[in-house]
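K.L.:
Between the sequences and the hints, there should be enough to build the whole structure, so can you do that?
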Amino acid sequence: MGEKNPSAEGVSLAVDLGGVRMKNPVNTASGTFAFGSVFEGFFDVSRLGAITCKGCSAEPWPGNPAPRMCEVPSGMMNTVGLANPGVAAVVEQNGAYLAGLEERGCRVILQAAGHSVEEYVAAVELIEELAPWASGVELNISCPNIARGGALVGGTPESAAEVVRAVRPRVRRPLLVKMAPVRVPEVARACEAEGADALSLINTINGMSLDVRTRRSRLSRPTGGVSGPAIHAIAVRMVWEAAGAVKIPINGMGGIATWEDAAEMILAGATSVTVGTANFYDPTCAERIVGELAAWAAEQGVTDINELIGAVEC
Amino acid sequence: MGEKNPSAEGVSLAVDLGGVRMKNPVNTASGTFAFGSVFEGFFDVSRLGAITCKGCSAEPWPGNPAPRMCEVPSGMMNTVGLANPGVAAVVEQNGAYLAGLEERGCRVILQAAGHSVEEYVAAVELIEELAPWASGVELNISCPNIARGGALVGGTPESAAEVVRAVRPRVRRPLLVKMAPVRVPEVARACEAEGADALSLINTINGMSLDVRTRRSRLSRPTGGVSGPAIHAIAVRMVWEAAGAVKIPINGMGGIATWEDAAEMILAGATSVTVGTANFYDPTCAERIVGELAAWAAEQGVTDINELIGAVEC
Amino acid sequence: MDDTKTPTGLHEVTVVTNEPVADGLMRVVLSAPDLAFRLAPGQFLNVYVPGDASQILRIPLSFSRADASTGKIEIVYAVVGDGTRRLSEMPRGSVTTVVAPCGNPWRTSAGQGRSVVVAGGVGITPIVACAGLLAEREIAFDAVVGAQTAGRLWGVDALSGLGAGTVAVTTDDGSAGRAGFTTDALAELLAAGGYAQVYACGPEVMMAGVARICREAGVACQVSMERMMCCGFGACGTCNVAMADGTYQSCCKDGPVFDAEEVAW
Amino acid sequence: MDDTKTPTGLHEVTVVTNEPVADGLMRVVLSAPDLAFRLAPGQFLNVYVPGDASQILRIPLSFSRADASTGKIEIVYAVVGDGTRRLSEMPRGSVTTVVAPCGNPWRTSAGQGRSVVVAGGVGITPIVACAGLLAEREIAFDAVVGAQTAGRLWGVDALSGLGAGTVAVTTDDGSAGRAGFTTDALAELLAAGGYAQVYACGPEVMMAGVARICREAGVACQVSMERMMCCGFGACGTCNVAMADGTYQSCCKDGPVFDAEEVAW
Ligand SMILES: Cc1cc2nc3c(=O)[nH]c(=O)nc-3n(C[C@H](O)[C@H](O)[C@H](O)COP(=O)(O)OP(=O)(O)OC[C@H]3O[C@@H](n4cnc5c(N)ncnc54)[C@H](O)[C@@H]3O)c2cc1C
Ligand SMILES: Cc1cc2nc3c(=O)[nH]c(=O)nc-3n(C[C@H](O)[C@H](O)[C@H](O)COP(=O)(O)OP(=O)(O)OC[C@H]3O[C@@H](n4cnc5c(N)ncnc54)[C@H](O)[C@@H]3O)c2cc1C
Ligand SMILES: Cc1cc2nc3c(=O)[nH]c(=O)nc-3n(C[C@H](O)[C@H](O)[C@H](O)COP(=O)(O)O)c2cc1C
Ligand SMILES: Cc1cc2nc3c(=O)[nH]c(=O)nc-3n(C[C@H](O)[C@H](O)[C@H](O)COP(=O)(O)O)c2cc1C
Ligand code: FES
Ligand code: FES
Numbered sequence: 058m059g060e061k062n063p064s065a066e067g068v069s070l071a072v073d074l075g076g077v078r079m080k081n082p083v084n085t086a087s088g089t090f091a092f093g094s095v096f097e098g099f100f101d102v103s104r105l106g107a108i109t110c111k112g113c114s115a116e117p118w119p120g121n122p123a124p125r126m127c128e129v130p131s132g133m134m135n136t137v138g139l140a141n142p143g144v145a146a147v148v149e150q151n152g153a154y155l156a157g158l159e160e161r162g163c164r165v166i167l168q169a170a171g172h173s174v175e176e177y178v179a180a181v182e183l184i185e186e187l188a189p190w191a192s193g194v195e196l197n198i199s200c201p202n203i204a205r206g207g208a209l210v211g212g213t214p215e216s217a218a219e220v221v222r223a224v225r226p227r228v229r230r231p232l233l234v235k236m237a238p239v240r241v242p243e244v245a246r247a248c249e250a251e252g253a254d255a256l257s258l259i260n261t262i263n264g265m266s267l268d269v270r271t272r273r274s275r276l277s278r279p280t281g282g283v284s285g286p287a288i289h290a291i292a293v294r295m296v297w298e299a300a301g302a303v304k305i306p307i308n309g310m311g312g313i314a315t316w317e318d319a320a321e322m323i324l325a326g327a328t329s330v331t332v333g334t335a336n337f338y339d340p341t342c343a344e345r346i347v348g349e350l351a352a353w354a355a356e357q358g359v360t361d362i363n364e365l366i367g368a369v370e371c
Numbered sequence: 058m059g060e061k062n063p064s065a066e067g068v069s070l071a072v073d074l075g076g077v078r079m080k081n082p083v084n085t086a087s088g089t090f091a092f093g094s095v096f097e098g099f100f101d102v103s104r105l106g107a108i109t110c111k112g113c114s115a116e117p118w119p120g121n122p123a124p125r126m127c128e129v130p131s132g133m134m135n136t137v138g139l140a141n142p143g144v145a146a147v148v149e150q151n152g153a154y155l156a157g158l159e160e161r162g163c164r165v166i167l168q169a170a171g172h173s174v175e176e177y178v179a180a181v182e183l184i185e186e187l188a189p190w191a192s193g194v195e196l197n198i199s200c201p202n203i204a205r206g207g208a209l210v211g212g213t214p215e216s217a218a219e220v221v222r223a224v225r226p227r228v229r230r231p232l233l234v235k236m237a238p239v240r241v242p243e244v245a246r247a248c249e250a251e252g253a254d255a256l257s258l259i260n261t262i263n264g265m266s267l268d269v270r271t272r273r274s275r276l277s278r279p280t281g282g283v284s285g286p287a288i289h290a291i292a293v294r295m296v297w298e299a300a301g302a303v304k305i306p307i308n309g310m311g312g313i314a315t316w317e318d319a320a321e322m323i324l325a326g327a328t329s330v331t332v333g334t335a336n337f338y339d340p341t342c343a344e345r346i347v348g349e350l351a352a353w354a355a356e357q358g359v360t361d362i363n364e365l366i367g368a369v370e371c
Numbered sequence: 002m003d004d005t006k007t008p009t010g011l012h013e014v015t016v017v018t019n020e021p022v023a024d025g026l027m028r029v030v031l032s033a034p035d036l037a038f039r040l041a042p043g044q045f046l047n048v049y050v051p052g053d054a055s056q057i058l059r060i061p062l063s064f065s066r067a068d069a070s071t072g073k074i075e076i077v078y079a080v081v082g083d084g085t086r087r088l089s090e091m092p093r094g095s096v097t098t099v100v101a102p103c104g105n106p107w108r109t110s111a112g113q114g115r116s117v118v119v120a121g122g123v124g125i126t127p128i129v130a131c132a133g134l135l136a137e138r139e140i141a142f143d144a145v146v147g148a149q150t151a152g153r154l155w156g157v158d159a160l161s162g163l164g165a166g167t168v169a170v171t172t173d174d175g176s177a178g179r180a181g182f183t184t185d186a187l188a189e190l191l192a193a194g195g196y197a198q199v200y201a202c203g204p205e206v207m208m209a210g211v212a213r214i215c216r217e218a219g220v221a222c223q224v225s226m227e228r229m230m231c232c233g234f235g236a237c238g239t240c241n242v243a244m245a246d247g248t249y250q251s252c253c254k255d256g257p258v259f260d261a262e263e264v265a266w
Numbered sequence: 002m003d004d005t006k007t008p009t010g011l012h013e014v015t016v017v018t019n020e021p022v023a024d025g026l027m028r029v030v031l032s033a034p035d036l037a038f039r040l041a042p043g044q045f046l047n048v049y050v051p052g053d054a055s056q057i058l059r060i061p062l063s064f065s066r067a068d069a070s071t072g073k074i075e076i077v078y079a080v081v082g083d084g085t086r087r088l089s090e091m092p093r094g095s096v097t098t099v100v101a102p103c104g105n106p107w108r109t110s111a112g113q114g115r116s117v118v119v120a121g122g123v124g125i126t127p128i129v130a131c132a133g134l135l136a137e138r139e140i141a142f143d144a145v146v147g148a149q150t151a152g153r154l155w156g157v158d159a160l161s162g163l164g165a166g167t168v169a170v171t172t173d174d175g176s177a178g179r180a181g182f183t184t185d186a187l188a189e190l191l192a193a194g195g196y197a198q199v200y201a202c203g204p205e206v207m208m209a210g211v212a213r214i215c216r217e218a219g220v221a222c223q224v225s226m227e228r229m230m231c232c233g234f235g236a237c238g239t240c241n242v243a244m245a246d247g248t249y250q251s252c253c254k255d256g257p258v259f260d261a262e263e264v265a266w
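Residue numbers (my numbering), protein chains in the order written: chain E, 58 to 371; chain L, 58 to 371; chain G, 2 to 266; chain X, 2 to 266.
Hints in this document: simulated from the structure, not taken from any laboratory. The C-beta atom is built at its ideal place from N, Cα and C for all residues, glycine as well. Check each hint, because a few of them may be wrong.
With the Cβ distance kept under 7 Å, some of the chain L side facing chain E (calculated, not the full set) [what the hints assert, rightly or not]:
| hint | residue |
| --- | --- |
| 1 | Arg272 |
| 2 | Val303 |
| 3 | Glu317 |
Sample of chain L residues at the chain X side, in silico, Cβ under 8 Å [what the hints assert, rightly or not]:
| hint | residue |
| --- | --- |
| 4 | Glu97 |
| 5 | Pro119 |
| 6 | Met126 |
| 7 | Glu128 |
P.N.:
As structure tokens, this is what we get:
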């Protein structure tokens with residue numbers, strides 16, 4: 058127990074995620090929080106520092122057939138396939154709620170997805186035009202590049218740099234880049250060099266789960282993305298590597314389900330901590346973590362949570 | 058239930074792992090089975106197709122201080138640091154038992170570790186000289202290269218190729234390469250091109266676990282290797298990628314604890330299936346899986362387990 | 002957001018009874034005074050089963066009865082895997098949480114004509130709820146209940162008790178009722194004529210058959226669909242159902258009750 | 002392989018009783034007729050606690066008694082985390098497996114002079130086993146038992162019952178015995194002279210103190226060490242203890258009992 062500041066109320070929780078000014082470090086992960094409103098029955102969503110919306114593209118994408126999910130030990134796998142109705146429909150259906158959420162003090166980050174540099178550009182241009190109220194834009198570079206035979210856009214420093222370079226001048230707000238969990242330090246440096254304001258990581262780790270009786274994938278695709286507590290230790294390591302490789306802030310995620318998980322991410326170097334899969338099974342946990350992080354900071358004897366970012370001693 | 062061959066007894070389980078002729082596909086993972094003898098109190102070790110011994114180096118290595126392990130959800134992390142008494146002491150202490158195990162029909166694979174190309178060469182030369190009875194040599198390229206600032210020897214196709222190229226001419230027996238879980242298809246192809254007879258994967262995935270009260274790593278090093286069920290789906294995917302990238306056989310491992318886990322690996326393309334962390338908590342599972350795989354093969358209606366290798370339908 | 006519905010929230014529930022009702026079938030009664038009155042027949046709950054942290058997700062389960070006056074919710078469920086096995090071991094007094102209400106209820110309309118409810122296997126659970134709704138709205142109905150074998154059959158008494166006209170029973174092996182499928186029995190009923198609506202829940206292949214029979218007979222049909230689910234309230238996008246118009250809808254938010262005509266079977 | 006020892010194997014055990022003996026301390030008695038007679042005081046078991054597949058590893062636990070004639074094994078353990086909490090909830094009749102015997106026993110020699118056993122906290126478990134061994138070999142001994150506070154104290158009666166001469170009790174807060182540490186009490190005992198051997202188990206900092214006091218007093222000392230462990234039988238290499246000669250030894254295979262002189266404190 059820290060002596061200096063025994064009361065959680067006295068701790069300043071505000072963080073600056075590359076220009077996205079969050080009143081506390083707790084964010085939600087793209088694709089795990091829809092567009093926020095479905096969580097209002099669980100808690101006052103405006104209590105969060107930010108929410109990140111489901112990735113959306115210029116045109117609607119149907120996504121993959123069912124089954125889109127299966128369970129793995131301490132985690133799950135999904136192959137939603139970035140299903141979304143397109144930026145225009147997203148804004149039409151959710152714009153009023155999301156603009157209101159910004160007014161209620163919770164930052165809204167919209168995520169752009171694409172299968173090619175052109176599609177990313179088209180998506181961010183639509184977001185810039187239709188959603189001026191959003192505080193930040195996140196570029197999901199874990200999408201397959203169709204022109205390159207499905208290789209991950211964010212799979213190499215070169216391909217990551219290419220898309221960030223094309224998108225950066227079109228986004229007048231803070232630009233976050235959501236990285237795939239591969240070649241982390243190299244890709245992180247490439248994104249920083251092209252002007253990313255912050256890095257979000259990790260996205261799901263590609264996995265495969267087979268039904269040994271039917272000899273088929275448990276999903277409608279051969280592979281899917283693993284998320285949840287199973288990947289947490291890997292995610293903390295990647296956040297730590299990224300934080301060591303770049304100067305821009307890190308939006309840390311991967312298997313965060315408790316305040317300890319979130320605190321680990323902060324110690325490893327994350328400026329914001331983002332709840333993903335846990336929203337599905339413990340839908341009130343993101344809000345709970347806000348208060349628990351304050352208590353932890355007080356216990357650690359700091360008055361500002363920023364003092365704990367990257368404060369691992371090793 | 059397959060009709061063709063309802064009896065597990067009729068199924069041929071023998072597999073050829075790049076020249077290591079195993080009577081059944083079940084192997085044990087380096088560093089999780091010591092040198093075999095400590096498992097004789099649990100079951101007749103010669104029932105296994107092969108065992109892979111703890112990695113050893115030309116000179117003794119003390120390894121890392123305690124604590125060397127911690128638990129993570131559905132898995133564990135270790136930072137043993139390749140502690141070993143050196144090839145000569147390993148052979149002196151275990152040679153008689155291991156040569157006897159070969160005679161009892163279980164293939165013995167010795168593993169060589171190093172921090173530089175020279176150290177790998179020295180280790181395999183000692184193994185060639187002192188342990189002629191072993192059926193195969195596995196090269197663990199997941200070690201840090203001290204000369205390259207600790208970058209993984211197997212972290213890039215180029216550095217992996219370099220060490221395999223240097224070692225290959227010195228090993229007159231089947232040479233397996235134990236890959237790190239990074240850039241799998243590229244590194245796999247590089248190892249194959251340099252003459253590896255088989256690929257073993259995956260090694261542990263680097264992770265980080267912090268005590269948020271002390272702000273320190275739970276291990277004596279900042280990071281450690283995650284193993285166990287938590288990484289299984291990721292491992293199956295990597296085995297599937299490797300099997301698609303090369304023609305040489307794959308020794309598949311990562312979170313195998315049940316026959317279903319092993320069967321998944323076989324369907325994904327593994328010729329042999331290797332039990333690691335599960336040996337610690339379920340020390341009889343490797344032997345149990347031998348019989349259970351035979352029953353599965355019979356149920357699948359095949360008479361030879363080789364028909365199921367890579368037989369995933371997707 | 003559809004503001005007319007109770008938003009999905011987190012509710013504490015207590016196990017009142019949890020006992021077998023047939024081979025591999027259990028009935029759990031939960032006490033949930035702040036929830037029971039919010040549930041409409043056809044909706045479902047996403048139930049947390051504590052104990053094994055390696056299974057992170059909740060278990061989606063329909064209910065057969067939700068009694069606003071007693072605050073009790075009855076769920077009949079099949080023990081098929083580890084999660085439902087652990088649920089079956091929760092003793093009286095165990096406390097857990099459910100995410101609810103999830104999804105949309107069965108849709109009946111005032112003055113609706115005679116209906117048929119069709120249940121296959123554990124599809125019986127929301128079908129009993131549907132029968133309760135029909136009874137409450139004084140809509141006459143008959144029932145078809147199918148199971149693999151007599152020992153796994155449950156719900157005939159419940160449906161009779163709710164006022165079903167006839168309850169036709171089918172089993173795959175003929176060990177109870179007639180040997181055959183629910184679809185055979187339904188086809189015969191509809192052939193007699195006079196039905197306005199069919200409600201069905203069971204294996205997808207059964208519901209596809211029911212949908213076809215209803216289309217051919219010109220009778221409206223609603224089905225309650227299942228999908229592998231993470232959240233149950235529209236957050237994850239994993240529960241997609243392919244629609245006849247080529248789009249996907251979400252089983253948990255747009256369903257689980259769909260008009261059979263709209264589904265791509 | 003040391004062929005004189007029973008090799009470590011897998012044994013089925015059944016819970017006979019499992020009950021609190023002090024604040025946060027439980028005693029479980031296991032029935033294991035094929036194992037109890039193979040255990041020597043100072044060895045340990047690696048216990049599987051079923052239920053939560055997210056915790057994959059077994060829990061290493063010493064025993065306080067192993068009775069060959071009844072086939073019973075007694076373990077006193079502290080509830081410190083999820084694994085031990087789940088162990089504390091295993092009712093009479095639960096069946097599980099243990100990996101055992103693990104490690105090496107306390108070493109006594111025939112005709113050995115008067116000894117002292119020193120237990121800190123839950124270190125009492127192997128110390129009671131040690132006292133049993135001394136009693137059996139008719140070696141006279143005194144005891145020092147320490148706990149944080151009176152409510153967490155256990156083992157005084159057990160040690161007296163085994164024939165301890167004096168049992169000095171210390172608690173951190175003075176709520177039982179004298180306020181202070183076991184090391185203080187031990188130093189006083191040894192100052193009186195006449196002791197041949199000390200056996201200690203407790204927090205590492207306590208054992209380091211015991212080792213220092215013994216060295217200064219010129220009395221032989223054995224300690225039972227703890228490490229985070231995966232396997233308990235030499236398969237994983239994670240349980241290393243730093244030795245005074247600069248090498249590492251394995252806590253599970255070479256220990257857990259070490260000569261205090263050989264450990265790098
Ligand atoms: C809206 C909805 C309502 C449901 N209502 C009921 C009900 O009232 N009574 C009842 O017994 N069951 C119901 N189910 C199915 C129930 O959710 C699954 O049986 C349960 O999740 C299985 O969990 P498990 O851990 O025991 O099995 P697992 O080990 O997870 O799986 C065992 C088997 O069940 C199948 N299964 C798993 N999850 C689902 C799922 N979500 N939908 C369909 N099949 C699944 C698996 O494919 C597998 O074959 C419903 C499902 C949905 C989506
Ligand atoms: C050879 C040996 C003999 C032991 N004998 C006993 C005994 O007789 N009675 C008893 O109560 N305990 C004994 N322990 C300690 C016991 O193993 C741990 O308390 C137990 O594993 C904690 O499990 P958990 O899941 O409840 O706690 P966790 O949630 O895993 O951890 C809770 C706390 O316990 C500590 N801990 C976890 N594992 C160990 C470990 N292996 N050694 C030391 N500390 C650990 C952790 O660092 C943490 O602070 C022994 C340990 C060893 C190595
Ligand atoms: C069902 C599902 C859908 C997801 N959709 C997206 C997405 O649209 N865009 C994206 O960048 N990440 C997506 N993710 C990844 C998460 O945002 C997050 O990076 C990942 O799940 C790791 O965090 P977690 O372990 O806390 O879930 C999705 C994850 C899940 C489980
Ligand atoms: C304690 C421990 C020590 C290990 N030592 C080695 C080693 O010396 N050489 C090696 O190639 N892999 C080593 N590994 C990795 C395993 O061989 C295996 O590749 C990995 O653990 C994944 O399989 P699993 O999930 O079944 O354990 C070690 C793993 C563990 C847990
Ligand atoms: S289950 Fe999550 S959206 Fe339907
Ligand atoms: S615990 Fe595995 S070697 Fe000691």
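K.L.:
State for each hint whether it applies.
P.N.:
Results of checking the hints against the structure:
1. Interface hint at Arg272/L: satisfied, since its Cβ lies 5 Å from the closest Cβ of chain E, which is below the 7 Å cut-off.
2. A cut of 7 Å between beta carbons decides the hint on Val303/L: the least distance to chain E is about 17 Å, and the hint is violated.
3. Taking 7 Å as the C-beta cut-off, the interface hint given for Glu317/L holds, the closest approach to chain E being about 5 Å.
4. Look at Glu97/L: its Cβ gets to within about 6 Å of chain X, closer than 8 Å, so that hint holds up.
5. Taking 8 Å as the C-beta contact cut-off toward chain X, the hint placing Pro119/L at the interface holds, the least distance being around 6 Å.
6. For Met126/L, the interface hint holds, the least distance from its beta-carbon to any beta-carbon of chain X being 4 Å, beneath 8 Å.
7. With 8 Å as the threshold, the beta carbon of Glu128/L comes within range of chain X, its nearest partner Cβ sitting at about 6 Å, so the hint holds.
Of the hints listed earlier, the one the structure fails to meet is number 2.
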